[in-house]
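Novice: Going line by line, the protein sequences match chains B and E. If you count by the working numbering, then the first sequence holds residues 179 to 296, one letter each, in order. If you count by the working numbering, then the second sequence holds residues 249 to 733, one letter each, in order.
There could be a bad hint or two in this list.
To be verified - Cβ pair distances, simulated, as ranges:
#, chain 1, residue 1, chain 2, residue 2, range
1, E, ILE411, B, PHE245, 40 to 50 angstroms
2, B, LEU192, E, VAL354, 31 to 41 angstroms
3, E, LEU270, B, ASN203, 34 to 44 angstroms
4, E, LEU726, B, ALA189, 39 to 49 angstroms
5, E, TYR525, B, PHE245, 49 to 59 angstroms
6, E, GLY323, B, ALA267, 29 to 39 angstroms
7, B, PHE245, E, GLY313, 16 to 26 angstroms
8, E, ASP649, B, ALA189, 41 to 51 angstroms
9, E, LEU661, B, HIS280, 42 to 52 angstroms
Unchecked claim - Here are the simulated DSS-like pairs of lysine-lysine, each with C-alpha atoms no more than 25 angstroms apart in a straight line:
#, chain 1, residue 1, chain 2, residue 2
10, E, LYS407, B, LYS206
11, B, LYS201, B, LYS278
12, B, LYS206, B, LYS278
13, B, LYS201, B, LYS293
14, B, LYS278, B, LYS293
15, E, LYS407, B, LYS293
16, B, LYS201, E, LYS407
17, E, LYS407, B, LYS278
18, B, LYS293, B, LYS206
These aren't lab readings, by the way, just hints derived from the structure by calculation. Cβ coordinates follow ideal geometry from the N, Cα and C atoms, glycine included.
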Amino acid sequence: MQAASFLTAGALFLVGLYAVVFKDNLIKKVMGLTFIGDAVNLFLIAMDYRVGGIVPIILPGVSPEEFAAKAAYPLTIALVLTNIVIAVATISLILGLAIKIHGSAGTLSTRRIWKNEQ
Amino acid sequence: MNSELIPLMVVLPMAAAVLLNLLHGRRLALTAAVAALGFIFILLPFTVAYGAHYFGGWTRDGATGLAVGIIYMFGAHQRLLIVFLALVAYFAAIAHVNSGGRVSGVYLGFLMLGLGTCTAVLLTDDLFNLYVFLEITLISQTALVVSTGTEGAWKAAVKYLIIANVAGNCLLLGIALLLSLVGSLNIADMQSYVAANGTTVLKSPVFLLSCALITLAWSYASGLFPFHNIKAEMYSQARPHAAGLMQVQTKFILVAVGLVMLRLFGGVPHLRTVVLYVAMGAMVFGVIMALRQDNYQHMLSYHAISQAGYVAAGLSIGTPAAVAAGIFHALNNALYKTALFIGSECVQRRGRTGEFRLLGGLMQTMPVVAILVLIAKLAISGVPPFNGFQSKFMLMVSAFDAGLPEVTVIMLLVSVLTFISMMKAYHMVFLRPPEAPVEPGEAVPYSYTITLIVLVGLCVVLGFYPQIALGYIQEVALRTGLGWT
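So here's chain E without its partners, still in its complex pose (with noise of 0.2 angstroms):
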C-alpha cells in the first residue's frame, strides 16, 4: 500500500522555511509560527503509519522487479529519530526567538530546512536522493554557522565546504559505479543484488571502489577520524543551539548512512574492522582534544566527535545488539548533548564569555540551570541512572559478546576522560569563584530553563525506562545486525 503522508515530513518543514524567509523581520509572526510548526513537526510522525511511500506512484517493475521511482521507507526507528530531530530543531528555533536579539526568519528557515532534509535522509530508500539531501543538509548548517557573521565562521565554512564537495562527489562516484553494477539507485535492489551474487561481487574491483568511495563520504559526513577537527571547528563557530541541531543531525545521518552500509557492504572483509579504527579514533582523539580547550562551546564540540566514535563503533560492530545499542547512544545523545549546548548559551549570556578563564561562580547566579547541566554532564560521562549510562553499557556489553575486549576498555577509558573533562569544566564554570569580578551580563530566559527541564527529564525517564526507546529500534538492529567475525 501507498502511504500517502510519509513525504509530509520532509515536504512540510521545507515548505515551513520558505514561509518563514516570507515573515522575515515580523517578530510576533515569527514567534507564532515557530509555536505553532514546532509542536506539528513533533506530533506529525506519529500520527503517520508506517511503511512506503512510492512517488508518482510508480512501484516496482514487473519483469525485472526492480524499484522505478523513488521510495521512501518508514519504520519504528525511523519515528523515533524524526521525532527527536524534531523536538530539537524546535527548542533551537525557541532558543533563537528568545536570544534577545533580532529575529531572523532566513535563520529559522535554514534551522527548518535542516529538519527536512534530515528526515528525508532518514527515510529515503533511494541512494541518490539521499547524496541530494545530505548535501543539502550540509550547505543548510554551512548557512547557520555563516550566519554569526564572524571571520572565523567564514573560514571554517570554507573549509568545510571545500571538503565536503569532495566527499559528495566521492560519494557520487560510488553511487554512479554501485548503478553500473545493479542497474537501479534503489537501496533494496542493490542489498538483494550483493545477497543474490554472493562471493563473485565482494571481489570485484567496481563494488569494493564504490565501498571505499561511500565509506570515505560517510566518514565525513559524520565527523569521524580523521575528519574531526573540521566537524568540531563548525560546531565551535555555530551559535550553541545550532551546533546542538548540527550534531544531532550528524549523529542520525552517521546512523542513517550506517545502516545503509551495513545492509550493502557489511559483508566486505575487513570494512568494519576498519570503520571500528576510525570510530575509536574519534572516541579517543575527540576526548583529548576537548581535555585541552580552553573555551567551554570548543570542549563540547570535541566531545560530540568522541560520542559519534561510540555511534560509529556500534554500527561498526555490527552485530544486532551493538547496532541498537549505537542507535539508542545517537537518540541519548541528542538529548544530553543538546542541553549541554543550551546550557552554554545561557553560560555564555550570564557569563559574558565562554573562556574558562574568565568564568566561575554560576552556581550562585543561575542554580537551576547549573543542576539541570550537571545532570547532563553525568548523562554524557555514562553515570548511572541516566540514559547515557544504558547505551554506554549496552555498547561495552556488545563489543565484549562480540570477542572485543579491548573495544570495550577504549570505550570505558574513554568514559572517564569523559566525566574528567566534564567536571574540570563545571568547576571552573559554575563552583569555582572568578579570578577576576564579573559584571553579570543577560538573565537566562525561562524558555532556555524549560528547554533544559524537558531534555534532561527525557535523559532521566529513558535512563530508568530505556525499553521505551529500545521498544522501536530492536526491529531494524535485529533486520541490519550480522555477525561480528
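Pulled out of the complex, with its shape left as it was, chain B reads as follows (with noise of 0.2 angstroms):
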C-alpha cells in the first residue's frame, strides 16, 4: 500500500514537471503545479503509513498503550495542511495574474507571453 503510493506520487510529480515544463498554455501549467503539490502532499500522508494503524485522535476505549503502538504520526498531516493553504494562495494569485494577462495579451501562449521578455 506504501510502496504504491509512493509509486502513484513519483507519476504525479513527473506529470506535474512535464506539464510546466513542455505545455504551452499556462492553466496547464498551472495544472501541473497542481500535480506537483498533489504528489509531495501524497508523498508526506504516506510516509507515515502504518499497517492495521489508528487515527491519532485520542478516542474513548483506546488506551495509552494501543494509541502510542498503533496511532499514525500526526505531525505530516499538519504539514499537509500548511502546504494546502501555502498552494491555495500561489495558485490564486498566479491564476489572477492569468486572467489580466489574457485580458492584455489575448492570450494564455506562454511561448507568446514571454517571448518579448529579457
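Can you join these two chains into the complex? Each is in its own frame, and there are hints to help.
Specialist: Below you can see the structure in the form of C-alpha cells.
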C-alpha cells in the first residue's frame, strides 16, 4: 500500500513537471503545478502510513499503550494542511495574474507571452 | 530559559501589515504609522535578549531528546541582519509615502509582511517553519511587483511564481525526506543526527536526494545561476525602493538557508564545490548581463544577482573566515545596493526615464544625490575605503587561504567589471550632457536624500570600522564554519 502510494506520488510529480516544462498553455502549466503539489502531499501522507494503524486522535476506549503502538504519526498531516493553504494562495495568485495577462495580451500561450521578455 | 520576546520581531511587523491594510486610503494615518512602526522595528532587536523561544512552552522530549514544538533561536548575527532588514524596509516605506502618488495601505502592508516573514526565516530553527515563511516572503515579493500594474510586471510575476511553486515543492519534499530519517523537523536535531551517523548518512540515497532538492530550492530562492534571469526580471519590474528591499530579503534568505545547509550538508562530498561553481556563475553572468543593459534599474538588478554570487561563494567555501566574509558582504550589499536603487528612483523622477540614452547631466540638477550615488557605486565596486572593499577583500583572502586562488582571481575580475559598469552608468546618467534637451521632472523629496545620506554614511562607517559588524558575525562563523577539502 505504502509502496503503491510512493509510486503514485512519483508518477504525479513527473506528469506535473512535464506539464510545467513542456505545455504551452498557462492554465495547463498551473494544472501541472497542482499535480506536483498533490504528489508531495501524497508522499507526506504515505510516509507515515501504518499497517493496521488508527487515526491519531485519542478516542474513548483507546488506551495510551494502544495509541502509542498503533496511531499514525500526526505531524505529516499538519504539514500537508499547511502546504494546501500555501498552494491555494500561490495558485490563486497565478490564476488571477493569468486573467490579467489574458485581458491585456489576448492569449494564454506562454511562448507568446514571454516572447519579448529579456 | 524561554525568551518570550523573540517572536515579537515576527509578530509585530505582521500585525503592522494588517493595521496598514485597515488604514488604506488615510494618508496622514499611514504616514504616522509608518514613521512610528519603522523606529519600533529597527530598535526592537536591541531590546530582545539572545536566547531561544519554545513555542507553546514545548521544550524537548525527555526520552528522545528531540524538539517537540517550533523553536526560534536569536543570536548576535540575527540581531544585526534583522536591524538592517528593518532599516531597509523602513526606508522603502518612507520612499513610498513620499513618492508623490497615492499612498497605499495595502502596498505598505506587503512591505511589512515581507519584513516579518523574512525575519522568521532568519530566526527559525525548524525546517518546515522556514519553508512556510519562505513561501510567504515570495508571495509578498510578487505582490510588490504586481502592484506596479504593468503588463511586464504581471508576466514576470507569473514566471516567478510558477518556478517558485516547483522549487517550493522540491524544498518540502527534501524536508519530508529528512523528517523520515531523523523523526524531527528541528534543524539542531537534524544536525545532531548527521553528526552521530557520520559517514553512513552521507552515503544514504535518501539523505543525498534531500540535499539535492534543498540545494535546488535554495538556489532558486537566492536568485543564483541558472535562475538569475528570473530574479533580475522581478527586480527590474518592481518600484526601485521595493526592488531594494526585495534584494535584501533575497540575500538574507541566502544567508539563513546557506547556514542551515552548511550545518546539515557541509560534509556531503562535492556539494560545496558545486555550489561554489553556481555562485561564480551568478557572479560572472550577473555582471556580464549588467554590462549589456540600457536601462538603469535593469542594470542594478543584474548587479544584485552578481553580488548574491559573492555571498554564496563565501558560504560555499565554508571556512569560518569565508562564512564571516559572506555574511558581512550580505550586510554591506543591503546598504549600498538599497542606496543605488533609491538613487535610481531619484533618477527616474528627475530624468523622467530610466533609459540611459535619454538621460544625462543630472549632476547639475541634483548634485547631492549624484555624490551620494557615486559613493555607493564605489562601495559596490570594492573601492577602498568603503564597506564593499572590506568584505570583498575578506572574501578574496579567505578563498586564497582555502587554496582556491582561481576563485580569488574571478572575484577580482568581477569586481573590475562591476566598477566599469558602474562608472559607465554614472557617466551616462550624471556627467555627460544629455543627447537631446530634457524637460526636468519632479524634484527629489528630502526624505530620499536623507535615506541616501544614512545608507551611504553607514557604508563609510563600516568601511573604516568593519569590526562593528564583524563582532556580531564572528560567533556564528566560528560555530558553522568548516575546513575546505
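Novice: Regarding LEU661(E) and HIS280(B), is the given constraint of 42 to 52 angstroms on their beta-carbon distance met?
Specialist: 45 angstroms, holds
Novice: Evaluate the given range 49 to 59 angstroms for the C-beta pair formed by TYR525(E) and PHE245(B).
Specialist: Because 50 angstroms falls inside the window, the suggested range holds.
Novice: Mind checking the alpha carbons of LYS407(E) and LYS278(B) for me, to see if they're no more than 25 angstroms apart?
Specialist: Within the cut-off at roughly 14 angstroms; holds.
Novice: Taking the beta carbons of ASP649(E) and ALA189(B), is their distance inside 41 to 51 angstroms?
Specialist: At roughly 49 angstroms between Cβ atoms, ALA189(B) and ASP649(E) fall inside 41 to 51 angstroms, so the hint holds.
Novice: Would you mind confirming whether the straight-line C-alpha gap from LYS206(B) to LYS278(B) stays at or under 25 angstroms?
Specialist: Holds, at roughly 17 angstroms.
Novice: Falls inside 31 to 41 angstroms, the C-beta gap from LEU192(B) to VAL354(E)?
Specialist: 39 angstroms, holds
Novice: Could you tell me whether the CB distance from LEU726(E) to ALA189(B) stays inside 39 to 49 angstroms?
Specialist: 46 angstroms, holds
Novice: Should the hint that GLY323(E) and ALA267(B) are 29 to 39 angstroms apart at their CB atoms be regarded as holding?
Specialist: 31 angstroms, holds
Novice: Taking only the CA atoms, is the gap from LYS201(B) to LYS407(E) under or equal to 25 angstroms?
Specialist: 14 angstroms, holds
Novice: Between LYS407(E) and LYS206(B), does the CA-CA distance stay at or below 25 angstroms?
Specialist: Holds, at roughly 14 angstroms.
Novice: Are PHE245(B) and GLY313(E) spaced within 16 to 26 angstroms by their CB atoms?
Specialist: Distance hint for PHE245(B), GLY313(E) holds at roughly 22 angstroms.
Novice: For the range 40 to 50 angstroms, tell me whether the beta carbons of ILE411(E) and PHE245(B) fit it or not.
Specialist: Since the Cβ atoms of ILE411(E) and PHE245(B) sit about 42 angstroms apart, the hinted range of 40 to 50 angstroms holds.
This entry satisfies every hint, going by the numbered hints stated previously.
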